[in-house]
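Protein chains: 2
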Amino acid sequence: MNPQSSPLLTDLYQLLMLQSYRDHGMEDTAVFELFVRKLPPGRNFMVAAGLEQVLDFLENLKFSPEELAWLASRFPPAFIAYLEQFRFDGDVHAMAEGTIFFPNQPILQISAALPQAQLVESRVMNLLHFETLIASKAARSVLVAPDKLLVDFGMRRAHGAEAALLAARASYLAGFSGSATVLAGTLYDIPLFGTMAHSYIQAHADETSAFEHFARSHPDNVILLIDTYDTEAAAAKVVTLARKLQADGISIKGVRLDSGDLAAHARQVRQILDAGGLQQATIFASGNLDEYRLHALLSSAAPIDGFGVGTALDISSDSPSLDCAYKLQEYAGKPRRKRSEGKATWPGRKQVYRSYSVDGCLAGDVVALAENDPQAGEALLQPVMRAGRRIAAHAPLQQLRRQTVAGYAHLPHTMATLDTAPAYPVTISAALQALAQQLDAEQVK
Amino acid sequence: MNPQSSPLLTDLYQLLMLQSYRDHGMEDTAVFELFVRKLPPGRNFMVAAGLEQVLDFLENLKFSPEELAWLASRFPPAFIAYLEQFRFDGDVHAMAEGTIFFPNQPILQISAALPQAQLVESRVMNLLHFETLIASKAARSVLVAPDKLLVDFGMRRAHGAEAALLAARASYLAGFSGSATVLAGTLYDIPLFGTMAHSYIQAHADETSAFEHFARSHPDNVILLIDTYDTEAAAAKVVTLARKLQADGISIKGVRLDSGDLAAHARQVRQILDAGGLQQATIFASGNLDEYRLHALLSSAAPIDGFGVGTALDISSDSPSLDCAYKLQEYAGKPRRKRSEGKATWPGRKQVYRSYSVDGCLAGDVVALAENDPQAGEALLQPVMRAGRRIAAHAPLQQLRRQTVAGYAHLPHTMATLDTAPAYPVTISAALQALAQQLDAEQVK
Chain S
-1 MNPQSSPLLT DLYQLLMLQS YRDHGMEDTA VFELFVRKLP PGRNFMVAAG LEQVLDFLEN
59 LKFSPEELAW LASRFPPAFI AYLEQFRFDG DVHAMAEGTI FFPNQPILQI SAALPQAQLV
119 ESRVMNLLHF ETLIASKAAR SVLVAPDKLL VDFGMRRAHG AEAALLAARA SYLAGFSGSA
179 TVLAGTLYDI PLFGTMAHSY IQAHADETSA FEHFARSHPD NVILLIDTYD TEAAAAKVVT
239 LARKLQADGI SIKGVRLDSG DLAAHARQVR QILDAGGLQQ ATIFASGNLD EYRLHALLSS
299 AAPIDGFGVG TALDISSDSP SLDCAYKLQE YAGKPRRKRS EGKATWPGRK QVYRSYSVDG
359 CLAGDVVALA ENDPQAGEAL LQPVMRAGRR IAAHAPLQQL RRQTVAGYAH LPHTMATLDT
419 APAYPVTISA ALQALAQQLD AEQVK
Chain V
-1 MNPQSSPLLT DLYQLLMLQS YRDHGMEDTA VFELFVRKLP PGRNFMVAAG LEQVLDFLEN
59 LKFSPEELAW LASRFPPAFI AYLEQFRFDG DVHAMAEGTI FFPNQPILQI SAALPQAQLV
119 ESRVMNLLHF ETLIASKAAR SVLVAPDKLL VDFGMRRAHG AEAALLAARA SYLAGFSGSA
179 TVLAGTLYDI PLFGTMAHSY IQAHADETSA FEHFARSHPD NVILLIDTYD TEAAAAKVVT
239 LARKLQADGI SIKGVRLDSG DLAAHARQVR QILDAGGLQQ ATIFASGNLD EYRLHALLSS
299 AAPIDGFGVG TALDISSDSP SLDCAYKLQE YAGKPRRKRS EGKATWPGRK QVYRSYSVDG
359 CLAGDVVALA ENDPQAGEAL LQPVMRAGRR IAAHAPLQQL RRQTVAGYAH LPHTMATLDT
419 APAYPVTISA ALQALAQQLD AEQVK
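These protein sequences, in sequence, are chains S and V.
So in our numbering, spot 96 of the first sequence is number 94, and the numbers just go up one at a time.
So in our numbering, spot 335 of the second sequence is number 333, and the numbers just go up one at a time.
In short, the hints are calculated from the structure, not lab data.
From the three backbone atoms N, C-alpha and C, an ideal C-beta is built for every residue, glycine too.
Partner residues aside, some chain V positions facing chain S, computed with beta carbon under 10 Å:
(1) Arg72
(2) Leu163
(3) Asp228
Taking the hints into account, I'd like the entire structure generated from these sequences.
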């Protein structure tokens, strides 16, 4: 069984609620929306991602015989019979993957029979939360180092298998050049990058023979890790080796630094390589990097051509979660509002409208009711699933990536840096505010 | 395909190195060790977890025909033929799951032909890192609230499917009472807990009918969420409903609070329930909890009987990664040492010895060479796999959990709190220090 597609990958309370909805005939249409309550500290925007995986999950939602057997010892037969037929046949509106978005804007809206829209909550959040988290983090490295090779190196400290795979996908979507994670390459057609580990060097009696062995095995991809013992001494060995390999038509593509003062080493190594005739060889850096260290290295004009970004990317180290929620906004045609302290939501089925300045920059959004509340601007939520089926085959990841990166050009200058920009203007429409007030007044009774 | 068991869930460089090892006949026995370089800030110890999943992975490691077909377009036929036969037939020593451990102590040691020990690096780290991260985090809540019901609520913001499942497992191993994640219950036989979401309340015309519907659907598990609108007003409704349900033999098991000042609400709700004759009904709290908030709530004597701990647990919010490494320590019988700046390792195949004080408390560890370097104390690394097969069927999770919790009794008082204790004494044996010096001297040449 592949746990990623199991409907039992959910919270127990979803099943308890489902049974009760069934018992009491509560199967009218419900509208749930997924949104983020606030920006992570120091961030200026977020990037929506994960829709493709959510639609896959919804289209294939089905209890297997084994799952039903497990449930049968815990739930009554009539409920098991109901689950046997259970499918998702609702509608979904969503922001396209790669869309820049802000707090309190729904990025996904599910309209379906209440039990269906309820059951999927846990997994829909689990998927959209994580990919959005990673795409939002990755975008910052892309903005800081737009012309550099950026590779996801995070698998080993990603939180499990799916996190590694989806981090590779979400970072590529957000503009990374590729990933080291092979399975992500096979599943999502993401370019793969790889060099060698320190263990490869250590397993050899000396560094030069390690370099030469690698070069002869991979003559088209000779990138050598040079920090195992003494970085500059290793760079000199690379120069010597390059002369030897030249005779066999093998050229050194680059070197990798993974420890120490990367800027200082890069400068010295660049000099050694250049002096040795290896002006074409690139310098790739890795080791505890994040967008802040990339910014510092590039600001110091360190001669580095590419970066492997690992743990900080795959766990979104500065903000390893988003304060997201999936909330019931309408049931049986009536808008609903949660009023829990500090967690009140805007009720009703909504749309997000975006305006642009004359120079094409994001100029302000309006969150409005989806019906009878027209606003100027681009409507960001579009239909993506109808009656449980995708409306269109999903765009290839490469295309989504191009659109995402093109979208960064619409960020105002102040928002496209690591500095905190003034809050982006997001207005709640008058009709939506009035609805919230009206519901509060009704519920006071 | 289940991505969790795919050998392509690895970094590309592992395959590049493998091919080169093959090309150059480097298939002697390598010893790799996995350890953590330093404690997360503010932590006193870590708890090893994830060995079961690592052994599963190693025992079943095999390239499928589809995986080989994908690789065939990128690697030469002879290497593909080699991968077709590829299995893991090495030996593994490890600390038992649930063992308390400290920086620079190997928790896993793999001895296998170099290509085997190399290929598995990425996934072995991915699994052991994450479960150890979560068990180490969960232990803190267990120490703070040893007599309370503690439930993992973190699936929705866990980093993907496997993170949700393994967080449920690792937190249960570390002493949690159970999880809300259904699939974790089915896979690992973990007790499941669940109540209802705010959407359940909101979908009903009024709160009382929501409570009554739930009670009638789940008469044995009536735990009612009372913070959707007004917590104390809802508690009063629960009291009234309890009288009505009594006639039908249904009793209220408890209530759940999920927002606001939990201590203040718990006190007021306790009074309302007690005054209404519901002294037996428990109060369960959730909402952005972690070990620090648990400690604060319990210190204030808030009348709370159980806690749902979500995001902070499943992402290990204060430290979402551990600085762990999987390093080559010996190849072809010769010890190896990485000397990269700030990342030097202790060479050779090692053992960890633990001593206890007369009152049974951890009193100090020695990291020594595994051979010819005898030390007093308990040897923590034990053989768990030989020639690619588990030595013993793994202990049931329940038993591991009992052992783990029993292990906390051996923590010195200062280490069993949320305050930072003085560093635990971990000594490097004289023989190990001498070996490191000797290797450094040799490598200077």
